[in-house]
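Those sequence lines, one after another, are chains A and B.
Position one of the first sequence corresponds to residue 1 (this note's numbering), numbered consecutively onward.
Position one of the second sequence corresponds to residue 1 (this note's numbering), numbered consecutively onward.
If you're looking for bench data, these hints aren't it; they were derived computationally from the structure.
There could be a bad hint or two in this list.
Far from chain B, some chain A residues (derived; all Cβ distances over 10 angstroms) [said to hold, decoys possible]:
#1 Leu28
#2 Asn31
#3 Ser39
#4 Lys53
#5 Ala61
#6 Glu62
#7 Pro126
#8 Arg135
#9 Ile158
#10 Arg178
#11 Asp182
#12 Ser185
#13 Ala186
#14 Leu202
Okay, derived cross-link-like pairs now, DSSO-like style, lysine-lysine, Cα gap no bigger than 27 angstroms in a straight line [unchecked claim]:
#15 A:Lys138 to B:Lys130
#16 B:Lys149 to B:Lys115
#17 B:Lys163 to B:Lys203
#18 A:Lys149 to B:Lys138
#19 A:Lys114 to B:Lys130
#20 A:Lys20 to A:Lys196
#21 B:Lys156 to B:Lys130
#22 A:Lys130 to B:Lys114
#23 B:Lys130 to A:Lys203
#24 B:Lys196 to A:Lys156
#25 B:Lys156 to B:Lys138
#26 A:Lys163 to A:Lys149
#27 B:Lys196 to A:Lys196
#28 A:Lys196 to B:Lys203
#29 B:Lys203 to A:Lys203
#30 B:Lys115 to A:Lys203
#31 B:Lys156 to A:Lys163
If you're wondering where the values come from, they're calculated on a predicted model, not measured in any experiment.
Glycine residues also receive a C-beta, built at the ideal position from the N, C-alpha and C atoms.
There are 2 protein chains.
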Amino acid sequence: MVTNREGLLVVLSGPSGAGKDTVLRRLLEVNPNVTLSISATTRPPREGEEHGKDYYFLSKAEFVQLISKNGMLEHAQYCDNYYGTPRGPVEEGIQRGHDVILEIEVQGGEQIRKKNPEAVSIFILPPSMKVLSHRLHKRGTESEEIVEKRLATARKEIEQADKYDYVVINDDLEDCVRDICDILSAEKKRTTRSGKLIEEVLKNE
Amino acid sequence: MVTNREGLLVVLSGPSGAGKDTVLRRLLEVNPNVTLSISATTRPPREGEEHGKDYYFLSKAEFVQLISKNGMLEHAQYCDNYYGTPRGPVEEGIQRGHDVILEIEVQGGEQIRKKNPEAVSIFILPPSMKVLSHRLHKRGTESEEIVEKRLATARKEIEQADKYDYVVINDDLEDCVRDICDILSAEKKRTTRSGKLIEEVLKNE
C-alpha cells in the first residue's frame, strides 16, 4: 500500500485572543502526527525556560551565521533581539512524516509562504470582534488602553487573513481542532502532493 | 456565529473496479450533508428504474432544449442517446447547503471543472493495478477479454487522475470514506470560499 510519508509544513496564525495556544495544546493532544516547531532567539532565557523546549537560545553570532547559511525559514528583529524558525528541525520533522506547525505572526507567515509554496497556512479567527473584545477584557490583567491597542492590532491581522489558505473559527474548541485535523488530512490527499502515488498504483501490476 | 451556508459541487471519478459505488453508498450513510446528483438520459427506462431517482428520463427534444438553455452542467452522447447532468437540481442542492456529488467519468469531469472552477474534484484510486485486476476478475461475470479491456481503460483513466484536486485510495472502505469527508470539511474552510466570513467577523463589533 502506497502512502505519502512526508509530513506538512503548517503555518498557523491568528490575533491575540483568538485562542491559538489553547487550540494548539488540544491539537497536540488529539493528533499524534502533529509537532510544534521551536523558535530560536537571542534574548536570554527567562526563569524556567529550557533550551530546545521553549526556545533554542542562541548567541547573536550563531543566529547571524544561521541566517547567512539559509538556516532560518524566517526571522525578525524585535527590541535588539533576533527571533526566528530554524530550518533544520522543521525539515527533519517533515521527513519523519510529522506535520510541523509554526505558530507565527502574519509577517513571519508571509516569509514562510513565499519561500515555501507547499506550506499549508491556516488563520484562526475569533467568532466576531465582539467576542474577541470580550475575551481580551476578561483577562483583566491589562489596562483599557492596552486592550484597545490589541484590538486594533487584531483587526489589522484579521484583514490579512485572506492571504492564508484556510480560515477556521475558534468558537467551540473541539470543532476548531477538528477543522484543523480535517485540513491536515485533506491536504495530504492533494494531487499536487500525490504525483508519485499515481505512478506507483500504475506500476504495481 | 457566521458559517458558509452554500454546499460544494463535487466531481467524483474513478475507474471501474475502484469501488466508487460502494464508497458513495457508505458516504451517503455517514454524511447527512451529502446528496447525489441524478443524471438525465434520453434512453428508455429499464425495468424498475424510476424517473427522478435513477435518472431523469427525457425526450430528445427536452434534452436538446435544456442544452440550448445552458441547463446541462455537462453532457455526452453514447449509442444514439444523450446523457448529462441537469444544472437546476444541482444548484438548488448547493444553495440549500448540500454537498452535491456528481459521479462522472473523466471526460464529463473535465467539462464540469472547466466551467465550474469552484468545483472540488476527487479521483478514487485502487491500491494498485494488481488489486484492480483481482477485483475485476473476481466478479467472474465477464470474459477474460472484457476484463483486459476494462483494465486498459482503467489505466488510461488513472493516468488522468493528476487533473483532479484530490486522489484518495480505496483500500479500506471506511478510511476512504473518511478521507472524502475530511476533504469536504476542509474545502469549506478554504479562504477562497470564506471572503464574507472575514468581513462579517470584522463587522460584528
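### Task
Identify every previously stated hint that the structure contradicts and give their numbers, smallest first.
When the structure is compared with the hints, numbers 7, 9, 10, 11, 12, 13, 14, 15, 16, 17, 18, 19, 20, 22, 27, 28, 29, 30, 31 turn out to be violated.
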